[in-house]
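Peer 1: Letter by letter, the chains look like this.
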Amino acid sequence: MERDDIIEYSLNAGHSEEQGRVIRKKILFVTVLLSVITICEVLLGVFWSTWMPDSWHWVKWTFIVLTMVKATYIVMSFMHLGDERRNIRSMILMPYMLFLMYIAFIVIWEANYVHEVLRTFL
Amino acid sequence: MSGEASKTMSNAVLWGGGRSPFSLSYGKLMIWFFLVSDALTFSGLLASYGFARHSLMPGMEWPIGEVVFSSFPGLSGSYPLMYVALMTFILIISSVTMVLAVEAGHRMDKKGVVKWLFLTVLGGAFFLGSQAFEWSHFIHGSHARVTLADGRTAFLTENPHHNEAIDPATFAMTIGSVQSEEVVKGPEAYKLYQNAISVVSGANMTENEYGPTSYANFFFFITGFHGFHVFTGVVLNIVVLTMVIKGIFHRRGHYEMVEKAGLYWHFVDLVWVFVFTFFYLV
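From first to last, the protein sequence lines are chains A and B.
Take 12 as the starting number for the first sequence in our numbering and just add one per residue.
Take 34 as the starting number for the second sequence in our numbering and just add one per residue.
Please note that a few of the clues may not be correct.
Said to hold, decoys possible - Calculated cross-link-like contacts (lysine-lysine; reagent style DSSO-like; alpha-carbon spacing at most 27 Å):
#, chain 1, residue 1, chain 2, residue 2
1, B, Lys144, A, Lys37
2, A, Lys37, B, Lys143
3, B, Lys224, B, Lys144
4, B, Lys279, A, Lys37
5, B, Lys143, B, Lys279
6, A, Lys36, B, Lys148
7, B, Lys144, A, Lys36
8, B, Lys143, A, Lys36
9, B, Lys144, B, Lys279
What the hints assert, rightly or not - Quick list of simulated restraints, FRET-style, between CB atoms:
#, chain 1, residue 1, chain 2, residue 2, range
10, A, Trp62, B, Ser231, 35 to 43 Å
11, B, Ala205, A, His68, 29 to 37 Å
12, B, Val147, A, Met63, 31 to 39 Å
13, B, Ser111, A, Asp94, 43 to 51 Å
14, A, Glu127, B, Pro106, 16 to 24 Å
As the list claims (entries may be wrong) - Chain A residues, not near chain B, derived (Cβ > 10 Å throughout):
#, residue
15, Asp65
16, Ala82
17, Met90
18, Gly93
In short, the hints are calculated from the structure, not lab data.
We treat Cβ as the ideally placed atom computed from N, Cα and C, and that holds for glycine.
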């Protein structure tokens, strides 16, 4: 059933041949970036103990930061969230980030406490 | 009989009669909502993994990813994390081909969509096969943990495959950990092995050679749940690909369905990026 009271946003999503070239260039850039980051992560994971022993703490946080960079590029560029309106972007990311930070904090904090309790009383 | 959905409403009530405040179609908005809730499930799983790891029973050690996942199909020897890295790379590349399919769809280039979407399906299938290899290798094990009669822990340097008899002359074990420098060799080591209290080879739901039971359980659940998502994604992509080939979207005037399937596929890739970091690297 055709309805003329609904604006077809899907129909307005197209782009021209010229714009396509620019977009493909950006896709190539993100591809190379993600690949390089993954290779760096694996090399760091395998060789960190030979390259710089006793630095596990820094290596771990490097992994987490690199993962965040990768995630940002996938969400913003591949999933086109960066091209969407700001209100939908915030609606997706803000509640999720808030909840995630809370759960990461509380889980790690509690886990360390449980570990301490076991160490002290067992 | 009429419910809320079938009630006739004036345009002034729907979106205030104007444009959608998000400038998004209903379908895309809903797939985003679904992805957020699915992302919460995965964060819950990874968070509980973090809890198990940080609250570990004193005296126990959490296994190291580089040691557990160090085999490469078709090659003998140790290639730490190489195969997982290849899997990650394949998944990222299949994400790239997906975004190229979406781009081709925006130009109404049916041939391009078919090509890129087909490559995406191929990448997904490769990833699933790799995961099957990882699982089979994980379950089969590579070093078998031996608890010696004097309470020490030892690991076989070469895991005896199911029906192979052990040759005492070439038998060897490392004491303490897989990478330990302390090695016992030959018939003397074989005697220790025969008098051992227990031998755990590979992994199952109750015990594993790598470390705490929960380690294997989290491995099975998290990578299994993700693998199920990949499987679903591949099926979805095949359905969409069939519809593209039939020309359904071309007649409709837009390839938004490719975009929606793409959002799901990128999400699967996104989850793997986190699983890769927190399960294999950190």
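Peer 1: Each hint needs a verdict: does it hold in this structure or not?
Peer 2: Here is how each hint holds up against the structure:
1. B:Lys144 / A:Lys37: Roughly 21 Å separates the two Cα atoms, so the pair holds.
2. A:Lys37 / B:Lys143: 22 Å, holds
3. B:Lys224 / B:Lys144: 66 Å, violated
4. B:Lys279 / A:Lys37: Measuring from Cα to Cα gives roughly 30 Å; hence the hint is violated.
5. B:Lys143 / B:Lys279: 10 Å, holds
6. A:Lys36 / B:Lys148: Between Lys36 (chain A) and Lys148 (chain B) the Cα gap is close to 18 Å, so the pair holds against 27 Å.
7. B:Lys144 / A:Lys36: Since the Cα atoms of Lys144 (chain B) and Lys36 (chain A) sit roughly 20 Å apart, the hinted pair holds (cutoff 27 Å).
8. B:Lys143 / A:Lys36: 20 Å, holds
9. B:Lys144 / B:Lys279: Since the Cα atoms of Lys144 (chain B) and Lys279 (chain B) sit roughly 12 Å apart, the hinted pair holds (cutoff 27 Å).
10. A:Trp62 / B:Ser231: 35 to 43 Å: 37 Å, holds
11. B:Ala205 / A:His68: 29 to 37 Å: Given about 34 Å between the Cβ atoms, the range holds.
12. B:Val147 / A:Met63: 31 to 39 Å: 48 Å Cβ-Cβ, so the 31 to 39 Å window is violated.
13. B:Ser111 / A:Asp94: 43 to 51 Å: The hinted range 43 to 51 Å holds for Ser111 (chain B) and Asp94 (chain A), with Cβ atoms some 44 Å apart.
14. A:Glu127 / B:Pro106: 16 to 24 Å: Given a distance of about 42 Å, which is not inside 16 to 24 Å, the answer is violated.
15. Asp65: For Asp65 (chain A), whose nearest Cβ neighbour in chain B is about 15 Å away, the distance exceeds 10 Å, so it holds.
16. Ala82: Incorrect as stated: the minimum Cβ-Cβ distance to chain B is 6 Å, not above 10 Å.
17. Met90: It is violated; Met90 (chain A) is separated from chain B by about 5 Å at its closest Cβ, not greater than 10 Å.
18. Gly93: 13 Å, holds
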